[in-house]
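Asker: Following the hints, position chain E against chain G.
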Amino acid sequence: MRAYLSDRMGAALLMAPLLLFLVLAYAWPFLGVVKWSFTLPTPGLGQYDALLTDDLVQSVFIRTLRIAAVVTVVSVAAAYAITVVWVRGTPAQRLIAEFCILVPFWISVLTRAFGWVALLSNRGLINTWLQAIGFISEPLALVRNEFGVIVGMTHFLIPFAVFPLASAMRSLDDRVLLAARGLGSSRIRTFWTVFVPMTRSGIIGAAMIVFVFSLGFFVTPAILGGGRSVMIAELIYLRIFQSPDWGLGAAISVVLVLFVGALMALLFRYVRPKQLI
Amino acid sequence: MQQPGRAAEIKAIGIGKSFGSFRALDNLSLDIGRGEFLTLLGPSGSGKTTFLMILAGFVQPTEGRLFSDGVDITDRPAEQRAAGMVFQGYALFPHMSVEANIAFPLKVRKKSAADIKRRVGEMIERVGLKGHEKKLPAQLSGGQQQRVALARALVFEPGVLLLDEPFSALDKGLRGQMQAEMKRLHQETGTTFVFVTHDQSEALALSSRVAIFNHGKLLQVGAPDEVYDRPDNRFVAEFLGEINMLPLKGVRPADNGSTGLCEDRAVSMHCKADLVRGDAILAIRPEYMSISGEAAAGENGIAATATNSTYLGAATRLDLTTRQGAKVTVSVPNEVAAAALSKGNSVWLTWPAEKGFLLPHGGQ
Numbered sequence: 001m002r003a004y005l006s007d008r009m010g011a012a013l014l015m016a017p018l019l020l021f022l023v024l025a026y027a028w029p030f031l032g033v034v035k036w037s038f039t040l041p042t043p044g045l046g047q048y049d050a051l052l053t054d055d056l057v058q059s060v061f062i063r064t065l066r067i068a069a070v071v072t073v074v075s076v077a078a079a080y081a082i083t084v085v086w087v088r089g090t091p092a093q094r095l096i097a098e099f100c101i102l103v104p105f106w107i108s109v110l111t112r113a114f115g116w117v118a119l120l121s122n123r124g125l126i127n128t129w130l131q132a133i134g135f136i137s138e139p140l141a142l143v144r145n146e147f148g149v150i151v152g153m154t155h156f157l158i159p160f161a162v163f164p165l166a167s168a169m170r171s172l173d174d175r176v177l178l179a180a181r182g183l184g185s186s187r188i189r190t191f192w193t194v195f196v197p198m199t200r201s202g203i204i205g206a207a208m209i210v211f212v213f214s215l216g217f218f219v220t221p222a223i224l225g226g227g228r229s230v231m232i233a234e235l236i237y238l239r240i241f242q243s244p245d246w247g248l249g250a251a252i253s254v255v256l257v258l259f260v261g262a263l264m265a266l267l268f269r270y271v272r273p274k275q276l277i
Numbered sequence: 278m279q280q281p282g283r284a285a286e287i288k289a290i291g292i293g294k295s296f297g298s299f300r301a302l303d304n305l306s307l308d309i310g311r312g313e314f315l316t317l318l319g320p321s322g323s324g325k326t327t328f329l330m331i332l333a334g335f336v337q338p339t340e341g342r343l344f345s346d347g348v349d350i351t352d353r354p355a356e357q358r359a360a361g362m363v364f365q366g367y368a369l370f371p372h373m374s375v376e377a378n379i380a381f382p383l384k385v386r387k388k389s390a391a392d393i394k395r396r397v398g399e400m401i402e403r404v405g406l407k408g409h410e411k412k413l414p415a416q417l418s419g420g421q422q423q424r425v426a427l428a429r430a431l432v433f434e435p436g437v438l439l440l441d442e443p444f445s446a447l448d449k450g451l452r453g454q455m456q457a458e459m460k461r462l463h464q465e466t467g468t469t470f471v472f473v474t475h476d477q478s479e480a481l482a483l484s485s486r487v488a489i490f491n492h493g494k495l496l497q498v499g500a501p502d503e504v505y506d507r508p509d510n511r512f513v514a515e516f517l518g519e520i521n522m523l524p525l526k527g528v529r530p531a532d533n534g535s536t537g538l539c540e541d542r543a544v545s546m547h548c549k550a551d552l553v554r555g556d557a558i559l560a561i562r563p564e565y566m567s568i569s570g571e572a573a574a575g576e577n578g579i580a581a582t583a584t585n586s587t588y589l590g591a592a593t594r595l596d597l598t599t600r601q602g603a604k605v606t607v608s609v610p611n612e613v614a615a616a617a618l619s620k621g622n623s624v625w626l627t628w629p630a631e632k633g634f635l636l637p638h639g640g641q
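From first to last, the protein sequence lines are chains G and E.
Heads up, the first sequence stops at 277 in this note's numbering, and the numbers go up one at a time, no gaps.
Heads up, the second sequence stops at 641 in this note's numbering, and the numbers go up one at a time, no gaps.
Don't take every hint at face value.
Pair ranges (Cβ atoms, derived) [said to hold, decoys possible]: (1) G/T90 with E/R594: 50 to 56 Å; (2) G/E138 with E/A415: 56 to 62 Å; (3) G/T90 with E/G408: 45 to 51 Å; (4) E/R395 with G/R94: 44 to 50 Å; (5) E/G310 with G/I96: 46 to 52 Å; (6) E/Q357 with G/L65: 43 to 49 Å; (7) E/S321 with G/L22: 47 to 53 Å; (8) G/L22 with E/G408: 47 to 53 Å.
Honestly, the hints are just simulated from the structure, not real lab data.
Since this is a predicted model, take the numbers as computed values, not measurements.
Glycine included, each C-beta is placed from N, C-alpha and C at the ideal position.
Same shape as in the complex, but just chain G:
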């Protein structure tokens, strides 16, 4: 009992600095934001009323959800393929997969966004090459639209989807796969009817992480969207820093935080936290 208590005290002491930091740096300021949303410019529920009626805010919300959904599907599918190779491939394949997963972490999100601009813009590498081989005559619109935003965000988020998937795949009992083959099932059939369903918790975890991250993305959409496909985080930025409309910006922030919080609560009903890393 004593050991148990002191273990718990030890754990609490170790976590205390992080908790204190989170309270000071996030919770406290966020309460201030909540206060603004009810008081600026005049006290009342006016800003939340505006949220429901403002066409611009609503179209940005819908676009954000749409982009987040597409990015989630594409990232999880791509991450699944990479993770299969990383967890179950030959040693050489594993090394290559690991390289592909880890290297993006070492490069700043800003650098990567500009990298995609260099690739995708009208005078970028892809359009130049396609025109050079005569495949197209006019440059394709690959950037400053939703397509560019989706490419950039997917690229950034794939590694985050890999970890919950790898955790699910590593805990899978190989004998179950052997059993399926021994019962006459081809490799492809075994993959779809046994392997994929057995990694379901990993898929849910990966999808939730990517979706939640996508909702709050700022830098990548701001650069690759070129101001034309504005997402919710950029809208908040514009409301606070460019048009002095702090109340509305604060209200959007509060709604976004509540929405993400609800999603996380849903996530942890289906997936245990340790399955996500």
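Answerer: Same frame as chain G, now just chain E:
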């Protein structure tokens, strides 16, 4: 293995398997008869499981050929061999119900829905899982999971059923029950069963033949009483149960067997001395030895002193030491043990000539 509903006949010729420099299986040749219940027995790392995996097609042998009903299947992948297999830990599909698990091999074979329903229903009845059809494996007890694994492996009527230590996770009572059940399933289906275990009593109780492995080599194959009573070598003799070993001198052939000197006393054996001459080991199972006041002339006997006894309930296990220091263990009625211990000095150990057998001196 290719004709469903018919027991397969398997022939392994010169099978070998190396993992890097480790020799897992060495030059193994074995015929497995149609409808036979063959047990592969040996300690862990003896190669028995490797051989089972080669039979299933999950492991490719480094050398040798494998035939099923006369057809070379060495290069055929596991999914086309379709041997029924029950894994250690069962390897059920955790996301599928009992019903869906058992239906899986039939769905893979594109049977009609009506056919699948009928055969799955029959199988569930046969293994006693009625009422559990919709449950997931995690909701079942160990014994029930074992039944699902057996049903799933048998439902498509494979020519051979391969079982990899299927009872290792069960407690003792349940184990006996499942062994009886497996014997019944073997009789009912008539399929060839190949069963891997490291438990010698399980092997002797279940099989029509036992194949004993050690260090990647097949040491002996035979009916349970054959390998138990007439082991070819010391490893087989010791692995199958407790055994007493007495040094013998001057072994030579005699009328209807052989004779030799055991602690300066002439003893006779029914087995032939064609493999051993001179010094040898006389091996006798503890339950074949009895204790008496003295040995009659011409009877096999040796003098010994009782040193220790262990009460086992139905009988007593008695440890004795012979005059020349050999240790012997016997299993005798409780009152005989008490009498022998109270005497303090020497008693006579006797055994019938047909129960002793010769092993080469030293080593294997």
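Asker: Next, verify each hint and record whether it holds.
Answerer: Okay, the hints, checked on the actual structure:
1. The hinted window of 50 to 56 Å between G/T90 and E/R594 holds, with their beta carbons roughly 55 Å apart.
2. Between G/E138 and E/A415 the beta carbons are some 59 Å apart, a value that agrees with the proposed interval 56 to 62 Å.
3. As the Cβ distance of G/T90 to E/G408 is approximately 46 Å, the hint placing it in 45 to 51 Å holds.
4. Checking the proposed 44 to 50 Å range against E/R395 and G/R94 shows it holds: the Cβ atoms sit about 46 Å from each other.
5. Checked against the hint of 46 to 52 Å, the pair E/G310 and G/I96 passes, with Cβ atoms roughly 50 Å apart.
6. A hinted range of 43 to 49 Å holds for the C-beta pair E/Q357 and G/L65, which are about 48 Å apart.
7. Taking the beta carbon of each, E/S321 and G/L22 are about 51 Å apart, inside 47 to 53 Å as hinted.
8. Restraint check, G/L22 to E/G408: a C-beta distance of roughly 51 Å satisfies the suggested window 47 to 53 Å.
In the structure shown, no violation is registered for any of the earlier numbered hints.
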